[in-house]
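Asker: Sequence:
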Amino acid sequence: MPAPRKFTRERLQATALSIVDERGLAGLTMRSLAAELGTGAMTIYNYVDGRTGLEALVTEAVMAQSTWEEPESGDWRDAVAAVAEGVLLTVRDHPNAIPLMLARGALHESALTPSEAMLAALHRGGYRGTDLLVAFRVVSGYVSGFAQVELASPRPEPAQESEPDAAAPDPERFPRLAEIGAAAAESDALARFRAGLRIILRGLEP
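Note that the sequence shown covers residues 1 to 206 in the UniProt record's numbering.
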């Protein structure tokens, strides 16, 4: 009989995410993961396949942490929005992991609950087959893209925030760009996320 596995998938996920939170993606290696687990680097190869496997651990850990409440309305759009926001809020807590959210591949089943919940809500809305796939990718792509653009951007230093933006467009030549620039300055990321998601959900008609 094969020897029992020393580390659970969940422990590997949590440890890998902790490393990325503290040291960034570059800090996650076979050696660093092994060191945190108190084992040798070669042992880790029994669990994950190189860099791709390490990054999958991080993505799985983030997705597995996602939580949300089922809306009382019972409306499928509200259910989609609840899952999407739950994922975004979890991702927001782990900004160093955001680049991986755009390139995630097959995930361990422990991280599939958010995807299944979103698909179930879209299914209740009447989506089937290819339409279900496309609708799911539209919403999940919005969540990933928003996280990448809004949450992974470098935060300005306090001194920079008070300086005039040299790249601000001329409001006379580019009035609409100036308009959205002002709107961005007056709103927070979560409010913008919810507004964008409402626009998407209004357009989803099976």
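Incorrect hints may appear among the rest.
Unchecked claim - Simulated DEER-style distance windows between Cβ atoms:
#1 R176 with A41: 45 to 55 Å
#2 T8 with A41: 17 to 27 Å
#3 R23 with E179: 38 to 48 Å
Since the hints were derived computationally from the structure, they do not count as laboratory data. Glycine residues also receive a C-beta, built at the ideal position from the N, C-alpha and C atoms.
Asker: Work down the list of hints and note, for each, if the structure agrees.
Answerer: A quick look at each hint next to the structure:
For the pair R176 and A41, the beta carbons lie near 54 Å from each other, so the given range of 45 to 55 Å is met. Look at T8 against A41: about 19 Å separates their beta carbons, and that is inside 17 to 27 Å. A beta carbon spacing of about 40 Å between R23 and E179 agrees with the range 38 to 48 Å that was offered as a hint.
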